[in-house]
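So the chains spell out like this:
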Amino acid sequence: MSPEELTQLSIAEVGELLRRRALSPVELTRAYLDRIQREDGHRLAYITVLRKEALAAATAAEQEIARGRSRGPLHGIPIALKDLVMTRGIRTTCGSRILKDWVPDADATVARRLAEAGAILLGKLNMHEFAYGPTGVNPHYGTSRNPWDRGRMPGGSSSGSAAAVAAGLCAGALGTDTGGSVRIPAALCGLVGLKPTYGRVSRAGVIPLAWSLDHVGPMTRTVTDAAFLLQALAGRDPADPSTADVPVPDYARAVQGEIRGLRLGLPKDLFFERLDPEVRAAVLAAARSLEGLGALVEEIPLPKIRHAGPASFAIIASEATTYHEPYLKTRAAEYGDDVRARLMTGQFILAGHYLKAQRARQVIRAEMDLALGRVQALLLPTTPIPAPPLDAREVTVDGFTEDVRAWLIRCTRPINVTGHPALSVPCGLTAAGLPIGLQIVGRHFDEATVLRIGRAFEAVSPARGRRPPPEA
Amino acid sequence: MAPISIHLLQALSQELSQIPVDPGDLAIAASQLAAQLEGLARLDDLDLSSVEPATVLLPPMEGPHVP
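Protein chains in written order, with the working numbering: chain A, 3 to 474; chain B, 685 to 751.
Simulated from the structure, these hints should not be mistaken for laboratory data.
These numbers come from a predicted model, not from an experiment.
Misleading hints may appear alongside valid ones.
[Said to hold, decoys possible] Partial chain B-side listing against chain A, Cβ under 10 Å, derived: (1) 697; (2) 700; (3) 702; (4) 704; (5) 705; (6) 706; (7) 710; (8) 713; (9) 719; (10) 720; (11) 722; (12) 724; (13) 725; (14) 729; (15) 731; (16) 735.
[Said to hold, decoys possible] Pair ranges (Cβ atoms, derived): (17) B:711 - A:40: 42 to 48 Å; (18) A:375 - B:715: 37 to 43 Å; (19) B:725 - A:433: 39 to 45 Å; (20) B:692 - A:298: 51 to 57 Å.
Cβ coordinates follow ideal geometry from the N, Cα and C atoms, glycine included.
Chain B on its own, in the form it takes in the complex (with noise of 0.2 Å):
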């Protein structure tokens, strides 16, 4: 599999996210990503095409977010 670019990332990152990022980040997301597409890739294997996803009901009462 060929290596995940750390610039493609920060693209990704700065333009669909908004979210500014330190490089360095992007390396150790870049290894995380790297570790799980392959079995992310074989969830393939558990023929899904007629499985319901389960989801998320309601999120709980939380915390508010502080500025």
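In isolation and in its complexed conformation, chain A is listed as follows (with noise of 0.2 Å):
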């Protein structure tokens, strides 16, 4: 096998090689090392690039394994990090100017949790400033392209994570996500994405946007290599009081199992007004593929799910400009146009909208629970439109025109809402050939469930071994 094909086998594939000695991590390392040296220059995914110690890291994993210690399925696997992960001694920008020189003295928990899994970190992420914008556009680093089509958007903000795993730059990723950040970019790029349930993963360590709704979560491949990471990452962190005790099950062997006689919910409300007619077809046609795989589809509704929105709205602005309040007060001017205009905005949030829609919250909950209480996940779309071009403004769809980041974070914005688990799993190409988004919503810390039923639909999804072209 050449090295350009080993770049483009999932975790669990590699996995298999590494673990039969019939590949070594320093090996695998190379190739994903030498194809960014030819691929990212005008890709734009990473922002940092480890060479050096990528290169220690495998051959110490090599070593080890060598040894006949094997620390799980990402021993030796090359994966990166989206660039507000804080790394010691490694630099962390956020995206943006004002962390450019930043070298952290700490490692982020998830950070350490992926190092003791036996991962190999390739390097750091480009991404939209400071986690604050869903289209990726970057003005400091320049923008990762979508590698299904370098005029389009990659979506955001984990748009270099996204860029990076769809390129076969890295293995997996991680991104973080607060009005949808990991699933947008994942669903534009052709890859699964999750958010896992509030309280899953720590987050300590990295940078927040909005204390109240940032989740970190993998982006891979397969709903398998989600399974993976998703292992190593889960758990209480004493260093995040927001983290939950709750045991963590065995999510490889949980996505193997069959979903006949789960009960499925499509949420009409909402999600699936003014849709994109190529989105609505293929989630259509994911919920009739999951019917003939056993599962039951029902409609369910959702009356108080539109005021997810507003009450995102209100808790993002207020708590991002408030941890940036420092930065505005004295460098200001070193921030992104659209990025500060918004910190800007969050000034003039009151605090009776910061408490309204911290309580709408619990009510939008509360719905969303009883709905869940009937079903066992709900089927979405993940944007309601695919990749924009890069440089689009705004949108319309039947005649009705929004900007463009209305656009992308309708469908999931309410998730962080609420603090589900939510997956991005492809579904389908449009004619011009860009990716379509499936997401499954499921109960909370019921991850195993969703990734069960995104790995069952992934094996009958019109997507399955589609890559993006070779030339874009």
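Using the hints, build the complex out of the two chains.
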């Protein structure tokens, strides 16, 4: 198998080669580093590449494996981190000019857990500045290109994470998701992206956008790979008091099961209004495929869910501006125009708006919990539109024109407000060859069922086996 | 709904938040606020009077602010 072919394999596939010692971690890491060197100049997925450090870690993994010690399915697997995950001794820019030279003196819990699982860190990935935007457009480091069409947005804010995994520049990556920033780029770049339950994965050492809505999650080429990463990440962390002491199941085993007899809901309120026709067709076809696998699909009313958008706006704007206030007072000119303007907006959200939003959140969550008492998961689009052109400001669907950011976050941000786990899985391509994402939302802390449904669908998805065109 | 005055936003920002602002940013802020105020007002439809607000427990460890 050629080095190029190695970089296209899933973590499960390449892990099998490593375990059989048919491939060494050094060989695999070198294949990725060489591809990054050749390709990333025009893809702009990475902000920092750690060639020397990655090869040293791969050598250590190789020696451990040779001694017969396996750390599990991530041992020797080259991954990368969104550049807001703190890494000891390695700069962490947050995609900003303000932190362009900042070198943390500690690792984020998630970085440490992946290292302990034996993953090899290739580098730090591009992103929307300070994670405050769903397009991935970055004025400081350039905008990561969508591997399916370089003229299209990768989605954000975890833009580099999606671009890198989809383009074969790492085997898996971490993103963060405050209004959809894992799931949106995963959908737009044809990947699997998981936002775990709020409290399932530690955010300690991850630069916040909005404390009460931020989640860390994996972005991978397959559902099984996402399960491997979640296994390493999940669990209580004393450094993040919001993490819950809830047992962590064996996700790799959980994804194997059947879905026959599972009850699934289609929430038509909000999520199926004003959709690109190709997105609507692909998501409804996915629901029929799941019925074909034995699931029972029914429509579910969620009339209160449309309040989640304004609530999310008030919470993100207030919390983000609070975190950024010291920089706004002294270094405002160093922000990109779009992020600075959004942070300025946060000053004018009243305390009453914020508290009302946090109250509304409880009501919206209760309605979602009630719906998820009737069914085990909900099916909805991840984004109402496929990847827009890089320079798009507005998008028109069915004669309705709206800001591109509002389009991208409409179906994802309600799930940050409720905190439920949500998985985006590729469910088709448009006629123009752009990926479409199916979103599967489950009960709190039941990522196992969400992943199981995702894996069952993945096996019959029309997107199965489809990869970005090599020339893009 | 009356348009939001940029001069008012500028005064609030400078007097209450003590954040120096570019009036160009405030035009965008005014437009973003205008787009959301109706939705924020509609949160009252949810009858929130007896609802305990969700709160941030404690923020996790985060990077220090760089001067």
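To see whether the hints hold, each was checked on the structure:
no.	hint	result
1	697	holds, 6 Å
2	700	holds, 8 Å
3	702	holds, 7 Å
4	704	holds, 7 Å
5	705	holds, 6 Å
6	706	holds, 8 Å
7	710	holds, 7 Å
8	713	holds, 4 Å
9	719	holds, 8 Å
10	720	holds, 5 Å
11	722	holds, 8 Å
12	724	holds, 5 Å
13	725	holds, 9 Å
14	729	holds, 7 Å
15	731	holds, 8 Å
16	735	holds, 4 Å
17	B:711 - A:40: 42 to 48 Å	holds, 44 Å
18	A:375 - B:715: 37 to 43 Å	holds, 40 Å
19	B:725 - A:433: 39 to 45 Å	holds, 41 Å
20	B:692 - A:298: 51 to 57 Å	holds, 55 Å
When the structure is compared with the earlier hints, no violation turns up for any of them.
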